[in-house]
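**Q** Sequence:
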Amino acid sequence: MANLGFLGLGIMGGPMAQHLIDAGHTVALWSYSAGKAEKLTGGKPKATPAEVAAASDIIFLCVGDTAMSREVILGKDGLIEQAKPGTIIVDCSTVSPSESKRIGEALAAKGIEFLDAPCTGSKAGAENGKLTFMIGGKKEIFDKVEPFFKNMGELLYYCGAAGMGLSAKLSQNMILGSLLQAFNESMVLAVKSGVDPNQMLDILNNSAAKSTFISVKAPMVFKRNFSTNFSVKWLEKDMQLMLDHAGEQNVPAPITALSAQMLRAAIAKGYGEDDICGSIRLLEDLTGTTVKG
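According to my numbering, the sequence shown is numbered sequentially starting from 205.
It is possible that some hints are incorrect.
What the hints assert, rightly or not - Pairwise CB distance ranges (calculated):
no. : residue 1 : residue 2 : range
1   : 281       : 399       : 48 to 58 angstroms
2   : 403       : 429       : 41 to 51 angstroms
3   : 251       : 454       : 36 to 46 angstroms
4   : 477       : 348       : 30 to 40 angstroms
5   : 336       : 206       : 14 to 24 angstroms
6   : 461       : 417       : 30 to 40 angstroms
7   : 494       : 469       : 12 to 22 angstroms
8   : 343       : 398       : 19 to 29 angstroms
9   : 313       : 426       : 21 to 31 angstroms
10  : 336       : 402       : 22 to 32 angstroms
To be verified - When the alpha-carbon atoms are kept at most 30 angstroms apart in a straight line, the in silico DSSO-like pairs for lysine-lysine are as follows:
no. : residue 1 : residue 2
11  : 314       : 280
12  : 473       : 250
13  : 314       : 414
14  : 414       : 334
15  : 396       : 334
16  : 342       : 441
17  : 250       : 348
18  : 427       : 327
19  : 327       : 348
20  : 305       : 342
21  : 280       : 250
22  : 343       : 314
23  : 250       : 240
24  : 250       : 288
25  : 441       : 354
26  : 250       : 354
27  : 243       : 441
28  : 396       : 473
29  : 437       : 427
30  : 342       : 427
31  : 243       : 280
32  : 305       : 280
33  : 441       : 427
34  : 250       : 441
35  : 250       : 342
36  : 314       : 348
37  : 334       : 473
38  : 305       : 348
39  : 314       : 334
40  : 334       : 441
Hints are computed from structural coordinates only; laboratory data are not their basis. Where is the CB? At the ideal position from N, CA and C, for every residue including glycine.
All chains, full assembly: derive it from the sequences and hints.
**A** Pasting the structure below:
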């Protein structure tokens, strides 16, 4: 059994950390929100990220954005302050690939190893230990961490050098974000035209437009269930990361830009904390339509 750490205990991080604890590892815990660490059964709550680092050989984190990631790793009372040379830090957050590389370089100067390992699978995947991880960094470090990834997920993709896990994750989410917008537009159009939404979903599920994403999210929309699995505000954040990354690679991304703006408009309407399927209400509001089963 290993001495592990975990930072960030939200919708994704909390279940991920619990799986490591349940596997028998000693897990030092820290969260931005007071009390979350104490709610996990069998963990070892710590006052700061630095204290987590002092107690751990391998540390995972899953936080909201690039600024949070940099702060808990390199900031005051951050991991770098007490992490021993040879410690491995694994960032499962979806953050800027270029900034992640810079964080890794700062850690390397202290003899600390680093992997970028964003994950997908949303709340259900985290709770059921069925996440998919996309990993960038040294292959030999990935090999050391692989058993712990398997405590939390079932599919692991080693993508290559530092930042490449994040590049793969953002490319995947780029499709997700635009697929969401296509679903919102098509379903509002169908219902506005008088088509029954359940029939429309059946048509989609038996056509070339079939999508697991749509099959899962459409029933939630029909039931008006927008409880959060993956929030509008975090997908909008990811879409902006995609646009920044595309700009760095000189890749045009016009569809992504439009989808990001529609998500931003949904946030402005007050839907940012809700599940991404709740973004359909932006078009419903504009058209006087309700997509309800």
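**Q** For this structure, which hints from the list above don't hold up?
**A** Violated hints (numbers, rising): 2, 6, 8, 9, 12, 13, 15, 30, 37, 39; every other hint is consistent with the structure.
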